[in-house]
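Visitor: Take a look at the letters that make up each chain.
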Amino acid sequence: MNGPKTNPGNFFEDFRLGQEIQHAVPRTVTEGDVALYIGLTGSRFALPSADSFAQSVGLPGAPIDDLLAFHMVFGRTVADISLNAVANLGYAAGRFGVPLFPGDSITARSTVIGLKENSNRETGVVYVHTVGTNQAEEVVLDYVRWVMVRKRDKAAPAPDPLVPQLPDKVAYADLDVPLDLDLSGYDLVLGGSPHLWEDYALGEKIDHVDGMTLEESDHMTATRLYQNNAKVHFNQHTEGQGRFGRRLIYGGHIISLARALSCNGLANAFKIAAINGGRHVNPSFAGDTIYAWSEVLEKAELPDRRDVGALRLRTIATKDRPCHDFPGPDAAGKYPENVVLDLDYTVLMKRRG
Amino acid sequence: MNGPKTNPGNFFEDFRLGQEIQHAVPRTVTEGDVALYIGLTGSRFALPSADSFAQSVGLPGAPIDDLLAFHMVFGRTVADISLNAVANLGYAAGRFGVPLFPGDSITARSTVIGLKENSNRETGVVYVHTVGTNQAEEVVLDYVRWVMVRKRDKAAPAPDPLVPQLPDKVAYADLDVPLDLDLSGYDLVLGGSPHLWEDYALGEKIDHVDGMTLEESDHMTATRLYQNNAKVHFNQHTEGQGRFGRRLIYGGHIISLARALSCNGLANAFKIAAINGGRHVNPSFAGDTIYAWSEVLEKAELPDRRDVGALRLRTIATKDRPCHDFPGPDAAGKYPENVVLDLDYTVLMKRRG
Amino acid sequence: MNGPKTNPGNFFEDFRLGQEIQHAVPRTVTEGDVALYIGLTGSRFALPSADSFAQSVGLPGAPIDDLLAFHMVFGRTVADISLNAVANLGYAAGRFGVPLFPGDSITARSTVIGLKENSNRETGVVYVHTVGTNQAEEVVLDYVRWVMVRKRDKAAPAPDPLVPQLPDKVAYADLDVPLDLDLSGYDLVLGGSPHLWEDYALGEKIDHVDGMTLEESDHMTATRLYQNNAKVHFNQHTEGQGRFGRRLIYGGHIISLARALSCNGLANAFKIAAINGGRHVNPSFAGDTIYAWSEVLEKAELPDRRDVGALRLRTIATKDRPCHDFPGPDAAGKYPENVVLDLDYTVLMKRRG
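Chains as they are written, first to last, in my numbering: chain A, 272 to 624; chain B, 272 to 624; chain C, 272 to 624.
A portion of the hints provided could be inaccurate.
Since the list gives no way to pick out one identical chain from another, each pair is judged satisfied if it fits inside one copy or across any two copies.
[To be verified] The list that follows gives simulated cross-link-like pairs (lysine-lysine, DSSO-like), each with its CA atoms no further than 30 Å apart:
| no. | residue 1 | residue 2 |
| --- | --- | --- |
| 1 | Lys502 | Lys387 |
| 2 | Lys422 | Lys570 |
| 3 | Lys425 | Lys387 |
| 4 | Lys570 | Lys425 |
| 5 | Lys605 | Lys422 |
| 6 | Lys502 | Lys476 |
| 7 | Lys422 | Lys476 |
Simulated from the structure, these hints should not be mistaken for laboratory data.
Whenever a hint applies, use it, and build me the whole structure from the sequences.
Guide: This is the structure in structure tokens:
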């Protein structure tokens, strides 16, 4: 084992179909992470904000914000999957399992489920299925993402291309509703909105109104907190000479800001149950102000539950572009350059019952 | 309940005298918040810094810094009270109750106790009495603040004007000294200063010497931590086109910095017991360096206590202006533009006994 | 005790040989501090990241990162030792004792062990031996540092010069290996590298490859977290008119970044056992990107341990200067201006056994 000690990251030709990767650096998620997450995003959803509120709906205490759990799992995978990534292309089939609580320790492992070399032979797309588990080996989150990864050697032979079949959305019957959850004691005033599941109409669009300006220190601190060590977020010395001339914001931070902004209009969407799909359609940089709007794509009842329903949402985030007129892709599916995120996900919301 | 889902905030004509408002989003205050508060303010008071010190004076552990408790209560109220505020005009009658400890969950409710339309008919002043309580419904903090709020409709009729009578200060007999507090074991060396209650003279002025430069990331992170979502602090895209061309610092962050700076000169003022009055007399912005000085306005013994006394202090904070010559308002009460805060509050300090 | 209340800090002539100083403001180190430390440094060592990992090697939970413990102890000492320091000249004989865990409270005391006036009679060098202890009075860390401190009065008489004998390194027999530590369950995959103690060669050099750009908000937040109140880090209003025209980064933050970067290449160096010596050879500022490389100076077995060995490392950090060619001092010992840190320390690493 003598020889270079530094991890160069995996290149496209290092991945093979069916490969299983146990990721390094388990992580205990604590009240400290929760505080920093609120400090960096301004999230105001009641459930992850207060033990008292969580206990009023049957949980032992405030669960970790779903997206904080997502970032913590994602962060484990970067050193193996995306250190040499050119772009984080998309997410699908993301399903949140048991809630994560402060003090829980997570690990993550990934399986390579798809590979496709690009026609330029310089890069390829790697599809991985990642599973994050807690210290009891319960699944906290599993999801698929695909990234464009550089090849080490353009001449390296291409694997047989396989693009996995990915579901349009996580099936409602597969959503995990926390076992002990009982919304009979859910306080709408404390929740922050009088609007319940019944009040949202199919196709309804909501402008979340507020904006949040990005700072270098904020996005780097968030990304470091998740121990996501992708180089493009941290090194102005090299990025200053790169494609954009500046550090790139971790796309997950944009997802978190969009979700935090969405509290104004969706305050009782107390939990993200699934990430059906998502794309970072343009990069964001320090100084940009992030706005967001949402559309209700679907509504669904859940098996055996009358207190909680599902809303499938599409949240689009923009930069330096208010969302009163709901900007999105044009008829050809092309996004204007000030749209940065298009996320399709399913939330749980209190029903009138 | 169909219809717009986004909270537009209350306008002046939405408030009525006697109205009671339960604020949304309860908040568990944790060791994570404590760490971030120290990281953002540099506060060095011994009591909220160490369980060991707190236990040496009879408390079960380090209480939450009084101003962190204040910001957490204040943060609850913003969405209902000051989302459409033009200015946060003042505070009075602020009384800290039972200490807050990590793990406690707070909620806040407010009562409208005064209303007065301004002569321009475009804005009005709203006076609210806010009470913050812990999960046992014990009062953690109650205070009055008044804000100038925009009217939705200039033509809306004005309510009968009522400006509440507000006390000059919180009466010493009304101050809450934590029940178990016993300063016999108070270690002056660990406390950080040899100066005790007896050593401070009426009218004495103290230059706190040090300065702290404001950064966008710091004030936004502090303000988000408190879940204070007032727009002016976060959105450069709109504020860049506004009055000041930049984001405004949350006034409470300036109070915290002034208090943290005051540790150099007032290290044994281990607790704020009351905020008698306070005004943000000029705005602050990123890049400004905050300085502070204090004057001893009054000294008082406390009923049944020989180990602890009260000092009524006035702390003035400036920007880019050292305080060796104690800058303040002129004879006409007008403040120079580099004075930003004038705060009248009462601290508890160890006595020789 | 009437009179000035503000601490002016000690000047060179205020120190005397053998003087013992108990430092103020004890500090409970919490999970909140841990989160913020990870958020500000991006550290990815497995042991301080996860309770589950720590428990797999016999510890009750994740210990506080050694450097976070160092900064917390160091922070206690600043108000007494280095408030009037011109420069932090060096460290030696730093030995980590019992691990620090979240919830532990530290205090620090220092003894003056050396004094030497400089020939200009305007400054002098003060050598202090500092001991940080937990609430059970167990030693967490002890080390020597020396600082150049201004004189209040150039004419004040010089003390007899005494420069203490300092060891070249902490003896391997004196290193503290945590009592319960048992590396038989150490998981190399979770640890983040296949490389163990046996794999590192004497004289081996490792380029840690990655870079981290400094931001004002990050270094100030880190330094405030440690309650290190040295003025040069915080006040742009005065520093803008000073030597460098800007705020100076706390050298300890650079040490932390260098250690965090070193995880890429030294991931199984799970603990710092000693700081043999170290110098901040040039200042760093916001905007600089920090890189690092390390050299293996010595390898040592430890008494009665076959599962863990010691590596004595030299880690050099640079600014805006990648380290593939291992920059360092020239033959005359002079450092190029883009080298900022030269640190000699001893880590513990898993052995094949």
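Visitor: At most 30 Å between C-alpha atoms: does Lys422 with Lys476 qualify within a copy, between copies, both, or neither?
Guide: between (42 Å within a copy, 27 Å between copies)
Visitor: Given a CA cutoff of 30 Å, do Lys605 and Lys422 count as a within-copy pair, a between-copy pair, both, or neither?
Guide: Classified as within: same-chain Cα gap 28 Å, cross-chain 41 Å, threshold 30 Å.
Visitor: Taking 30 Å as the upper bound on the Cα-Cα distance, should Lys502 and Lys476 be classified as within, between, both, or neither?
Guide: The answer is between: 22 Å across copies meets 30 Å, while 36 Å in one copy does not.
Visitor: Reference check for the pair Lys570 and Lys425, CA-CA at most 30 Å: within, between, both, or neither?
Guide: Close neither inside one copy (47 Å) nor across copies (40 Å); limit 30 Å.
Visitor: At most 30 Å between C-alpha atoms: does Lys502 with Lys387 qualify within a copy, between copies, both, or neither?
Guide: Intra 24 Å, inter 45 Å, cutoff 30 Å: intra-copy only.
Visitor: Using 30 Å as the alpha-carbon threshold, which applies to Lys422 and Lys570: within, between, both, or neither?
Guide: Neither: 43 Å inside a copy, 37 Å across copies.
Visitor: Should Lys425 paired with Lys387 be assigned to within, between, both, or neither, using CA atoms and 30 Å as the limit?
Guide: within (14 Å within a copy, 63 Å between copies)
When held up to the earlier numbered hints, the structure conflicts with 2 and 4 and fits the remainder.
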